[in-house]
Structures are given as structure tokens and as C-alpha cells.
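K.L.:
If you want the building blocks of each chain, they are given just below.
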Amino acid sequence: MYDLAKKKAAHLLKKRGSLSSLSSHEVKAKETFAKTKDSISTVSYMEEPGHHDDIPRPAVQMENTCQLSPTRRFPVLTVTSYLQEEKYEPELCRQMTKTISEVVKARVKDLMIPRYKIIVIISIGQIRDQNMRMGSRCLWDETCDNFSSHTFKNSSLFSTATVYGVYFE
Amino acid sequence: MEEYHSGDEVAFSPDDASNVVKECIEGIVGGVDYSQNKVNQWTASIVEHTLTQLVKQGKPFKYIVNCAVMQKSGAGLHTANSCYWDTTTDGSCTVRWENRTMYCVVSVFAVAIAL
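Protein chains in written order, with my numbering: chain A, 1 to 169; chain R, 1 to 115.
Treat the hints as calculated values from the structure; they're not laboratory data. By construction, the Cβ of each residue, glycine as well, lies at the ideal position given by its N, Cα and C atoms. Wrong hints could be hidden among the right ones.
To be verified - Capping the alpha-carbon separation at 27 Å, the derived lysine-lysine pairs in DSS-like fashion look like this:
| # | chain 1 | residue 1 | chain 2 | residue 2 |
| --- | --- | --- | --- | --- |
| 1 | A | 153 | R | 38 |
| 2 | A | 98 | R | 38 |
| 3 | A | 87 | R | 38 |
| 4 | R | 59 | A | 153 |
As the list claims (entries may be wrong) - Distance ranges between label pairs, derived from CB positions:
| # | chain 1 | residue 1 | chain 2 | residue 2 | range |
| --- | --- | --- | --- | --- | --- |
| 5 | R | 36 | A | 90 | 24 to 30 Å |
| 6 | A | 151 | R | 52 | 25 to 31 Å |
| 7 | R | 58 | A | 99 | 36 to 42 Å |
| 8 | A | 151 | R | 44 | 34 to 40 Å |
| 9 | R | 38 | A | 127 | 19 to 25 Å |
| 10 | R | 100 | A | 169 | 41 to 47 Å |
Sequences and hints are given; from them, build the entire structure.
P.N.:
Set out below in C-alpha cells:
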């Protein structure tokens, strides 16, 4: 992960006093694109230019289905079942984060909630007497958009998983 | 993302966003050591400042900004994300920053809104 990050940094960034770099997350992003292109539903939004003129009316109709209730449906079991017995190991956890994020995204997609875009963030870390704080802020429409998160801990690792659902107007 | 959308004003620009994020991080925790008492305040400030700066760009996006600050203790951390969205208009960018005593990882996700 760090080698890839350094390569990206060399191409894209100027170094300052403290190190900053883009994570290999960007490499993972390409894999995500390939997968979403396979899902046809994203394309359908682009094919409805006529609806843009009618935005006030569909938006009002959609208000009824707008509210997302993710807490009820968050795929908690996925996270727990994958990590229950695991001990922290760098290679394993690197793969595990990617796998879990894909699986959680697939499960949320299976809920078939229309007109919602999904963002899943997974973090797995080793427990070693350190402290850690994670925070997030969102700029969105709070009547339509929502999130749900879950943390899991065993003796050698911890994991946080967050799913954001953003309504597509 | 790394593909350049020619002439497309509405596409998310990860380079711009990453510059905004880096400046925010430097301004808030650049040159200070990890402190248990202050970390809560730091994460809140980093996300709020980043969000404010992104909004000032005036682009038609909904934003999600995620920040993790971790003390350096030799422990490992892995983060991954998976997104189901329109890849032509939406995008994300992650910036990893560190100093002598802590790591800071900030992710920005931008979801386009139809105007």
C-alpha cells in the first residue's frame, strides 16, 4: 500500500515538511469503476434528459420514498462474520477491507432502494495501545440522505464500517 | 478521477479537493503532537473546514468528508471504500498525512446533484 502511495505521490504531489500522499485507495477506485459500469442502473439516469425539465414534479412525488432507514437494514452480520475469529495480519486485512467493502455494497444494493447512491467505507486496524478518532461531516439533504455505521472489536483488531446513502435528485 | 473529463465542468476534480484537504490538515494539526484531549476537536475542525472550503468552490455536489486521526504506535490500519454511483460525475479523493506522532487520513466523496 505504501509503495503504491509513494508512486502516486511522486507523480501528483509536491512534498512539504510533513509527508502527505494519496493513498492506494485511488488504485482501488479504478476497480470500483469497472464494477459499476457493469451495473446498468447508473446509466439510466443519464438517459432521461426529458425529466430534467420536470424536476419539480418528480421531486415531489419522490419525497414519499425519499426517506432512507438504513439502521434497520445495515448488513451488520457481514462484518461480524468475516472478522470474528481473525487475528490482525497486514496482508490478510488489506484484502479483507476490500472484500468487506464490496460485499457490504452488494448487500445494500440487494435491498433495491431506487434512486440512491451508495458509499461504503471500511477500516480495519490493529489494536496496540493507541488511540484513534474518526469523524465525518456531510453536506447533503437531511430529509433524504442518511448513513449507518457499525464497529467491531476482537482481541487483536478493530473494524469500523459506514454506509452512506445519497438520494439522486 | 484520474481520467480527465474534457470540457466537463461538472465532473469532480480530485486534485483540487486534495489540495483543499492538505491545506486544512496543515492548518489544524501541522506541527503539533498527538494529544488525547485535543483529537476530538481536531477531527471536527478538519472535517468542518474541509467541507466549508469545498462548498466555497460552488460546485453542484453533495459532499461526505471522513477523517481518521490515529496515534503512531506501530499499529497498522487499512481503509477501503466501495461506491455505487455515476462514475462520470461523482468522485472521491483520499489524502494520507503524517507527522512524527500521528497519522491523519481524510477522504472526500462528492456526489453530483442534477440541476
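K.L.:
With reference to the structure, classify each hint as holding or not holding.
P.N.:
Comparing the hints with the structure gives:
1. 153/A to 38/R: holds, 24 Å
2. 98/A to 38/R: violated, 31 Å
3. 87/A to 38/R: Violated, at about 31 Å.
4. 59/R to 153/A: violated, 39 Å
5. 36/R to 90/A: 24 to 30 Å: holds, 26 Å
6. 151/A to 52/R: 25 to 31 Å: Distance hint for residue 151/A, residue 52/R holds at roughly 28 Å.
7. 58/R to 99/A: 36 to 42 Å: Given a distance of about 38 Å, which is inside 36 to 42 Å, the answer is holds.
8. 151/A to 44/R: 34 to 40 Å: violated, 19 Å
9. 38/R to 127/A: 19 to 25 Å: holds, 22 Å
10. 100/R to 169/A: 41 to 47 Å: holds, 45 Å
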